[in-house]
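Peer 1: Residues per chain are reported as follows:
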Amino acid sequence: MTLTAPSPYRVDASGYYGPFGGAYVPEMLYPNVEELRDNYLRIIEDPEFQQEYKQLLRDFAGRPTPLFLAQRLSAEIGTTIYLKREDLCHTGAHKINNTIGQILVAQRLGKKRIVAETGAGQHGVATATVCALKGLECIVYMGAIDIERQKPNVDRMRMLGAKVVPATSGSQTLKDATNEAMRHWISNPTDTHYIIGSVVGPHPYPDMVARFQSIISAETINQLLEQTGRATPNFVLACVGGGSNAAGAFYHYLDEPGVRLIAAEAAGQGVNSGHSAATTALGKPGILHGASTILMQTEDGQVTEPYSISAGLDYPGIGPQHAQLFATGRAEFLSITDKAALDAAFQLSRLEGIIPALETAHALACLPLIGATKDDVVVVCLSGRGDKDLATYTKHLEEYS
Amino acid sequence: MNRLTTLFQHKTADVLNVYFTAGFPQLHDTVPILKSLQDAGADLVEIGMPYSDPVADGETIQRSNQQALDNGMTVATLFEQLQDIRQQGITVPILLMGYLNPVVQFGVEKFCQQCQEVGVDGVILPDLPLEVFEREYQPLFTKYGLKNVFLVTPQTSAARVRQLDGLADGFIYLVAAAGTTGAQTDMNADVDAYLRRTKVLGLRNPTLVGFGISDAASFAAASRHTTGAIIGSAFIRLLQNTPAEGQRQAIQDFVAGIRPVPEPA
Numbered sequence: 001m002t003l004t005a006p007s008p009y010r011v012d013a014s015g016y017y018g019p020f021g022g023a024y025v026p027e028m029l030y031p032n033v034e035e036l037r038d039n040y041l042r043i044i045e046d047p048e049f050q051q052e053y054k055q056l057l058r059d060f061a062g063r064p065t066p067l068f069l070a071q072r073l074s075a076e077i078g079t080t081i082y083l084k085r086e087d088l089c090h091t092g093a094h095k096i097n098n099t100i101g102q103i104l105v106a107q108r109l110g111k112k113r114i115v116a117e118t119g120a121g122q123h124g125v126a127t128a129t130v131c132a133l134k135g136l137e138c139i140v141y142m143g144a145i146d147i148e149r150q151k152p153n154v155d156r157m158r159m160l161g162a163k164v165v166p167a168t169s170g171s172q173t174l175k176d177a178t179n180e181a182m183r184h185w186i187s188n189p190t191d192t193h194y195i196i197g198s199v200v201g202p203h204p205y206p207d208m209v210a211r212f213q214s215i216i217s218a219e220t221i222n223q224l225l226e227q228t229g230r231a232t233p234n235f236v237l238a239c240v241g242g243g244s245n246a247a248g249a250f251y252h253y254l255d256e257p258g259v260r261l262i263a264a265e266a267a268g269q270g271v272n273s274g275h276s277a278a279t280t281a282l283g284k285p286g287i288l289h290g291a292s293t294i295l296m297q298t299e300d301g302q303v304t305e306p307y308s309i310s311a312g313l314d315y316p317g318i319g320p321q322h323a324q325l326f327a328t329g330r331a332e333f334l335s336i337t338d339k340a341a342l343d344a345a346f347q348l349s350r351l352e353g354i355i356p357a358l359e360t361a362h363a364l365a366c367l368p369l370i371g372a373t374k375d376d377v378v379v380v381c382l383s384g385r386g387d388k389d390l391a392t393y394t395k396h397l398e399e400y401s
Numbered sequence: 001m002n003r004l005t006t007l008f009q010h011k012t013a014d015v016l017n018v019y020f021t022a023g024f025p026q027l028h029d030t031v032p033i034l035k036s037l038q039d040a041g042a043d044l045v046e047i048g049m050p051y052s053d054p055v056a057d058g059e060t061i062q063r064s065n066q067q068a069l070d071n072g073m074t075v076a077t078l079f080e081q082l083q084d085i086r087q088q089g090i091t092v093p094i095l096l097m098g099y100l101n102p103v104v105q106f107g108v109e110k111f112c113q114q115c116q117e118v119g120v121d122g123v124i125l126p127d128l129p130l131e132v133f134e135r136e137y138q139p140l141f142t143k144y145g146l147k148n149v150f151l152v153t154p155q156t157s158a159a160r161v162r163q164l165d166g167l168a169d170g171f172i173y174l175v176a177a178a179g180t181t182g183a184q185t186d187m188n189a190d191v192d193a194y195l196r197r198t199k200v201l202g203l204r205n206p207t208l209v210g211f212g213i214s215d216a217a218s219f220a221a222a223s224r225h226t227t228g229a230i231i232g233s234a235f236i237r238l239l240q241n242t243p244a245e246g247q248r249q250a251i252q253d254f255v256a257g258i259r260p261v262p263e264p265a
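Chains A and B are the protein sequences, given in the same order.
Here our numbering is used: position 130 in the first sequence is 130, and no number is missing along the way.
Here our numbering is used: position 104 in the second sequence is 104, and no number is missing along the way.
Isolated chain A (complex conformation) (with noise of 0.2 Å):
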């Protein structure tokens, strides 16, 4: 997971990608950022800490996932598209290979106490989950309305023993729980962790997110080789609220650009539509949570609302990196309806017996319109499973009937 070369898509000494990221946080949180920025790398490659966390994502996370090859899926489209199940994690997501991570890093920092965001619920679960397994105190703030939509991840939290708790300023999704959670680590400075759940936050934050998701594409590599003889597909394809699964999944192939790297975005009702999350379609430069990234903002430089059917699209900016990918071309971001996710989804769960998030089946919903032949090879990070999205797709049954 070390990497020696420079690139323009990682982060440079300063906290960078580009014009993107840095730490523009308060005072009150100067010291806890300074603390995780100077020991972040020494700890995470510690070969202790490593041998830890190696035997944690085999042993509790089950890694590696499946790399499988969609069959059904690949004739329809008409190209050889290949899913890495992260689905298949224990907690249903990518999230838990980021919160095993990070509750190493809190325990060596001698933190007591866990403070995290959530939007879809899924951070949350994976965040309760290794609180438990390492016996820390967990909070989890969670917008009053995704605790409505997502109740079955709520009652998941609870049954592992975190607090949840409701954000109920400004929009009550998962921007608003960020800030909360920001608060209660401001209020709590010395004992306490926050573990951000995607590639967003003041640096260190985004590389370390970022450097514990990698795990999806240095699977990918060894996978793909042993199944076609090539390291390298076509195209990477992932969704992006914050970015984390689309941070692991792009992560060994940034620097390799014969890989066409295809990030979705949530457009809600349509990205003109005025309920929308299409952050790179719809947003400026600008600073929000400790970061400056792409953003969608007023004219003013207030932060927009966002809107998206899935919880954990629902975010108003991107992770800095994302930023920087998408300034630079290096990624390709589509804008992707709620009715392209839902057709998505019902289409992978009746041919290949799979029902995603309906994070994920916004990245299924770019595989017609990326131009993929017959001959390529895609890749799509299948980022979580739809259990918690039962309520919404129950809503839709009579559609796809």
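Since the hints were made in silico from the structure, they are not lab data.
C-beta atoms are modelled at their ideal positions from N, C-alpha and C, and glycine is treated no differently.
Keep in mind that the hints are not guaranteed to be accurate.
Derived contacts from chain B toward chain A, CB cut-off under 10 Å, selection only [said to hold, decoys possible]: (1) 99; (2) 127; (3) 131; (4) 201.
Use these hints to put chain B onto chain A, whose structure you have.
Peer 2: Positioned in the frame of chain A, the structure of chain B alone reads:
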């Protein structure tokens, strides 16, 4: 000369700084509240530029920010409202407090220029990192005669306090305790020890302590080891709970209640 500099040259104790949110409770309340605060005897005034995501602030100030935004307040509107205040007899030093993104979108140089034009003396931007200020903002602030105020917390190392003190040229904003604005902190032994510890550093800038100051007792306790104190959330609550016609008198009473004027001998 910058009004902040003049103020601290003449007054070295019991300085009272009051924060309120621009455009709150009503869009056009900004200047009347400013005038009332000056008349009531506030030594300096901090005007909040409302922001959708004010993470360093607590619930009271966030709600006032949201209400001000709903009222239509913007950075541009605030500058329009402040346009002629210096000609209208407002002499109290004024600070603008807010978050970086609206300032960046407005244009940093244009922002500094407008501050100078309307007579704003200094700026507090909690999420502007020291390093970024030093690299990108300091020359502009200097060019337009604007003071930058840094925050210091109980967790800030002595070395960093000295670094911030070296860069600041208005005052140092001492955050009394861990937390966001409006948190109810007693002026307890921990806070007292922190303020003493900071005093011993012998900073070149005056110090004002904020967060948790809400009445005469907490103001007096906070001011014991500093140049003065900042009141925000308690004042916002007052504005929230006062009908428009009683606002001026309520502000008068509030300020008098925080820092009772000694009876003439």
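Peer 1: Take the shortest C-beta to C-beta distance between residue 99 of chain B and chain A; is it under 10 Å?
Peer 2: holds, 8 Å
Peer 1: Closer than 10 Å between Cβ atoms is the bar; does residue 201 of chain B clear it against chain A? Give me holds or violated.
Peer 2: violated, 16 Å
Peer 1: Does residue 127 of chain B meet its interface restraint, that is, does its C-beta lie within less than 10 Å of any C-beta in chain A?
Peer 2: Holds: closest Cβ of chain A sits about 5 Å from residue 127 of chain B, inside 10 Å.
Peer 1: Taking the least C-beta to C-beta distance, is residue 131 of chain B closer than 10 Å to chain A?
Peer 2: holds, 8 Å
Of the numbered hints given earlier, the model fails hint 4 alone.
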